[in-house]
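**Q** Starting from the known structure of chain E, arrange chain S on it as the hints suggest.
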Amino acid sequence: MADTTSKEMQVKEKHEVNKPEQTRPAPIFTPAVDIFETDTEITLLADLPGVTSDNLNIDLNDSVLTLTGDIEPFENPDEEDLMIEYEVGQYYRQFTLSEIIDQNKIEANLGDGVLRLTLPKAEKAKPRKIEVKAG
Amino acid sequence: MASLIPWKRKKEDAAPRDDILNPFERFFDEPFLPSFYPFNRSEWWPRVDVSEGKTGITVEAEIPGMDKKDIDLTIEKGRFLHIRGKKIKENKENKKGYYRAERSYGYFNRSLELPAEVDESEVDAKYSRGVLKIKLKKRKDSGTKSIKITNRN
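Protein chains in written order, with our numbering: chain E, -5 to 129; chain S, 3 to 155.
Hint data in this document are derived by calculation from the structure and do not stem from the laboratory. For each residue, glycine too, the CB sits at the ideal point set by N, CA and C. Accuracy of the hints is not assured; some may be wrong.
Said to hold, decoys possible - To give a feel for the contact side, a few chain S residues facing chain E, derived at Cβ under 8 Å:
hint: 1; residue: R49
hint: 2; residue: G55
hint: 3; residue: R105
hint: 4; residue: P117
hint: 5; residue: I151
Here chain E stands alone, though its shape is the one from the complex (with noise of 0.2 Å):
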């Protein structure tokens, strides 16, 4: 590929500040994310380990494309902790898609606590060999 800077799809982030509609306290995360893009389509990685498909919420809204994923807090009673490296809370992440993707069409699939989201290009964003016909 050729061009980074003109993106197709671009990405927000630290907006953890910003967020209106935290209804509980619980600290906010980033999720690592892989985007990569084909002929036909762009997909996106997310890690977010411990989110269930029930609590994973995907939202495109004026081609801003929303993660919100909770993580439902482990209780092991009687137990006292030795040691936290990751904590219970929220991912949260924005992208802003741009036109030539085919918004009806996005895919969304949740596995071993990696998402998958396919973005289909939009047929005109498709390249296209021109045959030049001899006359």
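**A** Chain S alone, transformed into the frame defined by chain E:
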């Protein structure tokens, strides 16, 4: 391999010029040889929570996107828990390029010393939603233990 090294001076009593005169001694000091073992080549490590109760210990590790057969879990001497594996990066031929690559791939190796000795036969490990949850039972007689002193071979 250890038998090939005849005798090694402790670092603190070694004269500094020894290092210059005998590069072979230095060679074996470096953690060079074990790195051939693939699992020691840790490229990332999962985050882990450990909690302890009266009878058990719970360890939870965030390892999103794994196949459970690729996770290797071992308990050494009832006291050390090793979580190892390799997260495989999916390879698509027609990928044009990456916009973002933040997720971790490759070998990982996480070793934990447990707060108490555990029963190796009573381990319950589950992997779901990208979280590995290991429930360990403490060994009943782990409170006091007589230590056998043996001859070193």
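**Q** Could you run down the list of hints and mark each one as holding or not?
**A** Each hint, compared with the structure:
1. About 4 Å separates the beta-carbon of S/R49 from the nearest beta-carbon of chain E, less than 8 Å, and the hint is met.
2. The criterion of a C-beta within 8 Å of any C-beta in chain E is met by S/G55, whose closest approach is roughly 4 Å, and the hint holds.
3. For the restraint placing S/R105 at the interface with chain E, the shortest Cβ-Cβ distance is roughly 5 Å, inside the 8 Å limit, so the hint holds.
4. For S/P117, the interface hint holds, since its Cβ comes within 8 Å of a Cβ in chain E; the closest pair sits about 6 Å apart.
5. Given the 8 Å rule on beta carbons, the hint for S/I151 is violated: about 30 Å separates it from the nearest Cβ of chain E.
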